[in-house]
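Participant: Listed in order, the protein sequences are those of chains A and B.
Start counting the first sequence at 1; every next residue gets the next number (full-length UniProt numbering).
Start counting the second sequence at 1; every next residue gets the next number (full-length UniProt numbering).
For the record, the hints were derived by calculation from the structure and aren't laboratory data.
Hints may contain errors.
Copies of the same chain look alike in the list, so a pair counts if it fits in one copy or across any two.
No farther apart than 20 angstroms at their CA atoms in a straight line, the calculated lysine to aspartate or glutamate pairs in the EDC-like style are these [unchecked claim]:
1) LYS147 - ASP335
2) LYS183 - GLU239
3) LYS171 - ASP25
4) LYS183 - GLU336
5) LYS147 - ASP50
6) LYS183 - GLU237
7) LYS147 - GLU249
8) LYS183 - GLU71
9) LYS183 - GLU250
10) LYS38 - GLU141
11) LYS38 - ASP25
12) LYS147 - GLU336
13) LYS183 - ASP335
14) LYS38 - GLU307
15) LYS142 - GLU22
16) LYS142 - ASP15
The primary structure of each chain is shown beneath.
There are 2 protein chains.
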Amino acid sequence: MTIREIDSQEQPTPDGHLQFVEVGDYTFETGGYLPNVKLAFETWGTLNADASNAVLLLHALTGDTHVARGESAEPGWWDQLVGPGGIVDTDHYFVVAPNMIGSCYGSTGPASIAPDGRPWGSRFPFTTIRDSVNLELRLAEKLGITKFYAVLGGSMGGARALEWAVTAPEKVNHCVVVAACAKSTAEQIAFAQAQTAAIRLDPQYRSGDYYDAASSPSAGLGIARRIAHVTYRSEMELEARFSRQNQHEENPFSGETLAHTRGRYAVESYLDHQANKLVDRFDANSYVVLTEALMSHDVGRSRGGVEAALNSADDVHFVVAAVNSDRLYWPAQSDEIVNHVSHGDGVFIIDSPIGHDGFLTDIHQLGPVLNEQVFSASKAPQGN
Amino acid sequence: MTIREIDSQEQPTPDGHLQFVEVGDYTFETGGYLPNVKLAFETWGTLNADASNAVLLLHALTGDTHVARGESAEPGWWDQLVGPGGIVDTDHYFVVAPNMIGSCYGSTGPASIAPDGRPWGSRFPFTTIRDSVNLELRLAEKLGITKFYAVLGGSMGGARALEWAVTAPEKVNHCVVVAACAKSTAEQIAFAQAQTAAIRLDPQYRSGDYYDAASSPSAGLGIARRIAHVTYRSEMELEARFSRQNQHEENPFSGETLAHTRGRYAVESYLDHQANKLVDRFDANSYVVLTEALMSHDVGRSRGGVEAALNSADDVHFVVAAVNSDRLYWPAQSDEIVNHVSHGDGVFIIDSPIGHDGFLTDIHQLGPVLNEQVFSASKAPQGN
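One chain only, chain A, in its complex shape (with noise of 0.2 angstroms):
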């Protein structure tokens, strides 16, 4: 993405380059503070007189704020849904994508430099989904957005939009749930913890107090996105594009003892890869606070349980999907959230044999049933 720093709202930000607000102090579910937070979004399109046409959308647990190209030369995540006469078409809406707070995208995370000039590293706060929601509810302040048309996300991404719609069902009219779940469940949790305590693991980790140092956990890191990304692909399609295959030339029986180095699977080459790719662009810290914060997940906490918390969103619309191979957020766990809310015509599924990650390489399967429920013309906002 390119950054770009607004002081005034003189000129208009043009769409898919990133912005900035500061949403005040804030104190954490968990009791960590941060005083100043600042928030990184982007935004397409332009909001409409009566501020009736915004929607809000979220991403995933390593996702940023690009969520379409826009007038910036990179693609972006959901470029098969959002963009000037697409399905969620930025000439008639007003999109805002935030970072989420904890993240490494731009807004308010472990490696912000604090009051005392040092990163916050170990002292950043322990981050919930509801954190997140209660700070974007100050963002749509700020942008003038009493209620949302609609809010969307996919993975955390939709986790984040259901606490949206349970937290402020007066701020949301529709909310599109992909790939996601009421609550994080223990197999979840499970995972997730294997992938923290992988990044702890690590001695470049120092705690979590590492920017000064020579070198980063990536090896930790690595770990983490590794197991993470194996829940992320379907086990059919592993095996069908890399079974047992070397890694071109490598050999796997070519090191003698544990002290060498041997050869290769070509899947495990694949998840090097993987990881490398998330080291290079991802802070470790910010891992552990966003996995933390899924792992938080449960819209029924302190609220009576998840069916009378979505209960509570009876005037929300829902769209829900699932990936039909996906093994980390079962569609039985969209099925959770159907059952549970007023308006919402059961789990539309993404045929897709790659697994979870099927939100994003398919959503374009979704474009139909959203265009039909939520942004067909009749149903449009009239402000614009």
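With the hints as your guide, set chain B onto chain A.
Facilitator: What follows is chain B alone, placed relative to chain A:
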């Protein structure tokens, strides 16, 4: 298990007590070399005059030789199948259970002392399933067994059993393969990679030479076990047992910042417990060696593929079983085995909600099939 070193055959060894045999020098498939390899094993029952009643039982990744209680006080891991009057009736069969090369339950492993007086450590060879069979063939010869009436194993033990049938089909009458596959899949390799990487990341691992240090790589081994254990259980079982519950009075929302230790979810405590149990009983280097061996598993390697390899074992009678909720060794992988063997009656499904570990907890379900197809009186060897 009770350890008893046997120097002579004057007194028969009690059932279910550890014995040792030296099987000579060995060059591994990867080129590594060990002098004077020692294999540990336990036996139950008595070998008959024509040595036709021998049964080989092969343990899983972190398993040991103690398949059945025998005359020891400790329960065995397949007590449901093996014992006097049992399905594998030790009043009629002579059961042999070797510890796999590289393990830490008696056979030569990384913690064993090399000729220079130091543990092998990082000098220990990478090992394959095929290496383990080659060494166990020597054990059989030492014991005077030219052909096993049956070879049985589950999980990695199933891989070992299948490799036995293909490496030495003339030495195997019946082969029983439970919750295993013909070749390790991309996903199995992927999860294994993350596990070995976590161990190697642990600063206490010291590249495998930690035996003289004050501490061992328990954190890394614990993470490996956590990852593995999740794959051993079904999502459904984890959810039913733990869901998002807190661990007793612990509060997962009690940590203010990354520097704090928060309370745990119940599933985290459960996995901590599983990790701690393994760390107390298993060696990290052995875990790496055996995990690498399992990654190497492919009965079709250098044999023209799985189909040709299994076809070559055309005199062996197979019983293949899978756990219906297993998501590490999917039942379809068992189908691949029976589809290519000459004698095999389809896949017997063990009905268990818990996942892969059903090969231990619910193995009794296989009893009637084993009785009918392998161990019934009419089919049993007559030389006793």
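Participant: For every hint, state whether the structure bears it out.
Facilitator: Quick rundown of the hints versus the structure:
no., hint, verdict
1, LYS147 - ASP335, "neither (26 angstroms within a copy, 55 angstroms between copies)"
2, LYS183 - GLU239, "between (30 angstroms within a copy, 11 angstroms between copies)"
3, LYS171 - ASP25, "neither (22 angstroms within a copy, 74 angstroms between copies)"
4, LYS183 - GLU336, "within (10 angstroms within a copy, 37 angstroms between copies)"
5, LYS147 - ASP50, "within (10 angstroms within a copy, 85 angstroms between copies)"
6, LYS183 - GLU237, "between (27 angstroms within a copy, 17 angstroms between copies)"
7, LYS147 - GLU249, "neither (57 angstroms within a copy, 39 angstroms between copies)"
8, LYS183 - GLU71, "neither (36 angstroms within a copy, 50 angstroms between copies)"
9, LYS183 - GLU250, "between (43 angstroms within a copy, 19 angstroms between copies)"
10, LYS38 - GLU141, "within (14 angstroms within a copy, 73 angstroms between copies)"
11, LYS38 - ASP25, "within (9 angstroms within a copy, 66 angstroms between copies)"
12, LYS147 - GLU336, "neither (26 angstroms within a copy, 55 angstroms between copies)"
13, LYS183 - ASP335, "within (12 angstroms within a copy, 36 angstroms between copies)"
14, LYS38 - GLU307, "neither (34 angstroms within a copy, 60 angstroms between copies)"
15, LYS142 - GLU22, "within (9 angstroms within a copy, 78 angstroms between copies)"
16, LYS142 - ASP15, "within (18 angstroms within a copy, 77 angstroms between copies)"
Violation of the numbered hints given earlier is confined to hints 1, 3, 7, 8, 12 and 14; the remaining hints are satisfied by the structure.
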